[in-house]
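Peer 1: The residues making up each chain are set out below.
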Amino acid sequence: MSKAVLLFASARDALDCDRVEIEIADDATAADVLEKLATLSPFMAELVPSCRLAIDDRYAEASASIAGARELALIPPVSGG
Amino acid sequence: MSEQGVVYVELVDEAIDVARLMPMVADPDVGSIGWFHGVTRRTTGTQVTRSLSYEAHRSMACRELSELAATAVKRFNLTRVVVVHRLGEVPIGEASVVLGCSSPHRRDTFDALPWIMDELKRLVPIWKQEHFADGSEQWIHPAPN
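Sequence lines, in order, name chains A and B. Following the numbering used here, the numbering of the first sequence begins with 4 at its first residue and continues without gaps. Following the numbering used here, the numbering of the second sequence begins with 19 at its first residue and continues without gaps.
Bound conformation, chain A alone:
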């Protein structure tokens, strides 16, 4: 299936878009999505291992299923404050 993933901060700048469409298996997990995102560019390969995936506004465990997710987001290490 095709899924959109929201991008932020350096990931958005690196891919020059605020969301990316990926092709992923129907039974994919959060870890599978991260693995796929890491293949998109050398920069992403370096960044993604330090990122978390959010499903519907919540941090997802690596084993979490993305089936039924309304929204996926790649969350690079945060730096608010």
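Note that these hints are calculated values from the structure, not bench results. Here a beta-carbon is modelled for each residue, glycine too, at the ideal position from N, C-alpha and C. Honestly, I wouldn't trust all of these hints.
Quick list of simulated restraints, FRET-style, between CB atoms [what the hints assert, rightly or not]:
no., chain 1, residue 1, chain 2, residue 2, range
1, A, K6, B, V57, 38 to 46 Å
2, B, Y26, A, A67, 29 to 37 Å
3, A, T42, B, R125, 44 to 52 Å
4, B, E21, A, R73, 28 to 36 Å
5, A, A67, B, R38, 35 to 43 Å
6, B, D47, A, A70, 45 to 53 Å
7, B, H55, A, A65, 32 to 40 Å
8, B, D31, A, A67, 25 to 33 Å
9, B, S84, A, D16, 22 to 30 Å
10, A, K6, B, T61, 39 to 47 Å
11, A, K6, B, G111, 38 to 46 Å
12, B, V57, A, E49, 38 to 46 Å
Computed footprint of chain B on chain A; a stretch qualifies when at least three of its residues, placed anywhere within it, have a C-beta under 8 Å from a C-beta of chain B [to be verified]:
no., stretch
13, 5-15
14, 46-59
15, 76-82
Here chain A is said to cover these stretches of chain B; the calculated rule only asks that three of the stretch's residues, wherever they fall, bring their Cβ under 8 Å from a Cβ of chain A [unchecked claim]:
no., stretch
16, 73-86
17, 92-103
18, 144-150
Go by the hints and put chain B onto chain A.
Peer 2: Using the frame of chain A, we list chain B on its own:
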């Protein structure tokens, strides 16, 4: 008795209006009110910052801030918590985040402020970009602890 644990969180796109927030932590049954302002610093080591800009995953950041404030209420017996984070460009000396809380006794207010800030910096999906005086820019992605 006053209602316990009222929280207010907000993301704003302009300067944070602290005067508007002040009454939000007032309560006749508190004995302590504390505030923290995180402001844009000009120098980091030898580097000179022109400004910072912030972006967020807004819906998730609001949810994380609300959960964080609610957890702080329970953990520190707080009466009120206010957390406002500014997005977009934040010039030198201006606040990117303002946090206020109140409690019956001062120790809880003192202890809650650093805990909430540490958790905000660990969990809330907001990102800072440094704009340096030499024209260069850098997203800040701290290494996980």
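Peer 1: List, from low to high, the hint numbers that the structure doesn't satisfy.
Peer 2: Result: hints 12, 17 break, sorted rising.
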